[in-house]
Amino acid sequence: MMAANPIVVVDQVSKTFRQAHGRGEHRALDKVSLSIEPGQVLVIIGPSGSGKSTLLRTLNALESFDSGRIIIDGVSLSDKKTDLNRLRAEIGMVFQHFNLFQHKTALDNVVLPQVVVRKRSREEAVARARDLLAKVGIADRASHYPSQLSGGQQQRVAIARALAMDPKIMLFDEATSALDPEMVGGILDLMRKLADDGMTMAVVTHEMGFAREVADRIVFMDEGRIVEEGEPGSFFASPSHERTRAFLDQIL
Amino acid sequence: MLERYWSITSSLLPFLWKGFLETLYVSLVAIVAGSLIGAVIGLVRSQRVPVLTGLFGLYIHVLRGTPFLVQLYVFYFVLPNTGVSWLSWDSRTAAFVALSVYTSSYVAEIVKGAIEAVPRGQSEAATALGMNRLQRLWYVVIPQALKLTVPPMSGVYVMIIKSTAILSVVGISELTRQGEVSILRFPRDVLFIYGLIAFIYFLYCYPVLRFARWAERRVGAARIVDLD
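Going down the list, the sequences are from chains A and B. Note that the numbering used here has the first sequence beginning at 85, numbered continuously upward. Note that the numbering used here has the second sequence beginning at 828, numbered continuously upward.
Be a bit skeptical, because a hint or two may be false.
[Stated by the list, open to error] With the Cβ distance kept under 7 Å, some of the chain B side facing chain A (calculated, not the full set):
no.: 1; residue: Ala952
no.: 2; residue: Ala955
no.: 3; residue: Leu956
no.: 4; residue: Tyr966
no.: 5; residue: Gln971
[As the list claims (entries may be wrong)] Reference listing, derived: stretches of chain A covered by chain B, where coverage requires no fewer than 3 residues with Cβ under 8 Å from a Cβ of chain B:
no.: 6; region: 158–172
no.: 7; region: 190–204
If you're looking for bench data, these hints aren't it; they were derived computationally from the structure. Note that the Cβ used here is the ideal one computed from N, Cα and C, for glycine as well.
Pulled out of the complex, with its shape left as it was, chain A reads as follows:
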């Protein structure tokens, strides 16, 4: 936990979205800096449009950035020599809308990337997939297609799919926001278990209970900037910034 070498370093990263036809621009990230150490859980909160999802998506280069540096496990994202696809295989991502491959069964969703990206044999990939599906609690749905699964079940498969790549870091982009309320708890429990197992995680969420209990550190973003950060205890008990207070008042 106290390792000196952070696995994620974000240094003065800025990004501007230019709207089509030159109708103004939007500063999505404004000189954002942070770091995550191995085994740490970083929770990013903030109002919608604050840039928290954009920040998360720059970590695996789904979004580009204009200036600054991002270094993942010693590799710079902006280095032209970096093989981004290879790097992404080391970073698991869980999406708000699950994004399971619609033409594949739950099992094949977990098998496909192992075979294609990790070059595992099919038998090996299937064995690993069954193992993970059991671990996330849906072994009995292995042969179902995504359209035959509930949101909560799909998100479990999505987590298994990401874990099958043996990632060094997991990113969660509002993983419970699209779920029916009764499904949220199960997914959060799964994420908590992952954190307890020592997975390095960056989590964008509106679940303050989860943030308080699981996060090692909390970052509050507004208008593309990190307004405040700290350990959950002090962060929730005595936020020092006015905007943080206003935000917490609204949602707690």
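Please arrange chain B on chain A, whose structure you already have, making use of the hints.
Just chain B, lined up with the frame of chain A:
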């Protein structure tokens, strides 16, 4: 009266059969060749490859924005007279190439539309898992796009089958042309002979449409890609 029609029919049938075989042949060639060319063009256009995307865009808009008859004349009269040796083809080749090229323009737009209709999240998830562009297309996007092409593609195929009738004007002995020749033999029975020909076209097109309906239900594809 019925007897007369029966005798006309039986005397023309071998002749019309030959015409039908030519219609079948040219339509299959155009469908196969046009689909292959169109799939490549549509794929390239969906990927926004610089230069090529614009060039193929022009190709598609010119072909879809002009009458097939005019295109046929270009392939039949103009290109062979440009002095370029490999373009000095015979009338049959000109007709086959013209129809294939015409088909490809429709197929290309369907393929591009289908690829773009696969939700962005699908290829985004594949990206996040470390797949490169080709792997994303091959394993994730194309299999899902293929389903979406079934309904509009069958519409295009039927349209192409019917368009082969136009090839009669450059002397291809397909079904319509054979019918027109038959009318010279039985000038009083124009209506009957055209009716007979229409019926033969129907016998060819209807199973294609039925097959499309069946395939559509089979893959559960929604009609989301418009023909025009």
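Comparing the hints with the structure gives:
{"no.": "1", "hint": "Ala952", "result": "holds (4 Å)"}
{"no.": "2", "hint": "Ala955", "result": "holds (4 Å)"}
{"no.": "3", "hint": "Leu956", "result": "holds (4 Å)"}
{"no.": "4", "hint": "Tyr966", "result": "holds (6 Å)"}
{"no.": "5", "hint": "Gln971", "result": "holds (5 Å)"}
{"no.": "6", "hint": "158–172", "result": "holds (count 4)"}
{"no.": "7", "hint": "190–204", "result": "holds (count 4)"}
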